[in-house]
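Colleague: Residue numbers (mature numbering (1 follows the signal peptide of the UniProt record, and there is no 0)): -32 to -1, 1 to 122.
What the hints contain is simulated information worked out from the structure, not anything from laboratory work.
Being a predicted model, the structure only gives us computed values, none of them experimental.
Hints should not be assumed to be uniformly reliable.
Stated by the list, open to error - Derived DEER-like restraints, expressed as beta-carbon distance ranges:
1. Ala113 to Ser53: 35 to 41 Å
2. Thr17 to Pro117: 18 to 24 Å
3. Thr109 to Gly9: 22 to 28 Å
4. Gln25 to Lys114: 21 to 27 Å
5. Phe64 to Lys114: 36 to 42 Å
6. Phe64 to Thr109: 27 to 33 Å
By construction, the Cβ of each residue, glycine as well, lies at the ideal position given by its N, Cα and C atoms.
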Amino acid sequence: MAASCYCKKSYLSACFYVTLTLLLLVTPHAASLEFNYQQFGDTGNDFNTSGDVQAVQGILQLTEYKPDSYGRVVYNKLLHLWDKSSGKVADFTTHFFFTINTPNKTYHGDGITFFLADPKFPDSKIDGSGIGLASREQLGTINYAKDFPFVAVE
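Working from the sequences, and respecting the hints, build out all of it.
Modeller: Listed below in structure tokens is the structure:
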């Protein structure tokens, strides 16, 4: 009787460890994406910039003091937002510190936008519209919003 009981415990123990191992191998693991930049100089390979962006004294100056100036800085590593097969979505937190300074009161900026878009999201010839993400011409194109969806917070 005692031997029979020992075999059952040993068998259950082995089944438990095999099941646990399989669950760990099959369960998708979250990939973490984290970055922190205290100052900017050469932005290296982490960012794509377009428009009037310049790194000046450790900060990114997004625009120039002129009408219709724009600057875009895009983190170029992919962030997996959702899993199509499971329907699971990512959650994330972001923090920004920025200063909007207008020494020349003639020209005022429209704001700053945080956006999420497909890596193929096109750069645009900005003409002072579209929160710095799309030109009047692009916004007037019937399929633009369908072909290049994005989410933005201004």
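Colleague: Now tell me, hint by hint, if it's right for this structure.
Modeller: Hint check results:
1. Hint check: Ala113 to Ser53, Cβ distance near 26 Å, so the stated range 35 to 41 Å is violated.
2. Between Thr17 and Pro117 the beta carbon distance is about 22 Å. The supplied range of 18 to 24 Å therefore holds.
3. The hinted range of 22 to 28 Å is not satisfied by Thr109 and Gly9, whose Cβ atoms lie roughly 37 Å apart.
4. Look at Gln25 against Lys114: about 42 Å separates their beta carbons, and that is not inside 21 to 27 Å.
5. Judged by the Cβ atoms, the range 36 to 42 Å given for Phe64 and Lys114 is violated: they are separated by roughly 29 Å.
6. Look at Phe64 against Thr109: about 30 Å separates their beta carbons, and that is inside 27 to 33 Å.
Hint compliance for this structure: hints 1, 3, 4 and 5 are broken, all remaining hints hold.
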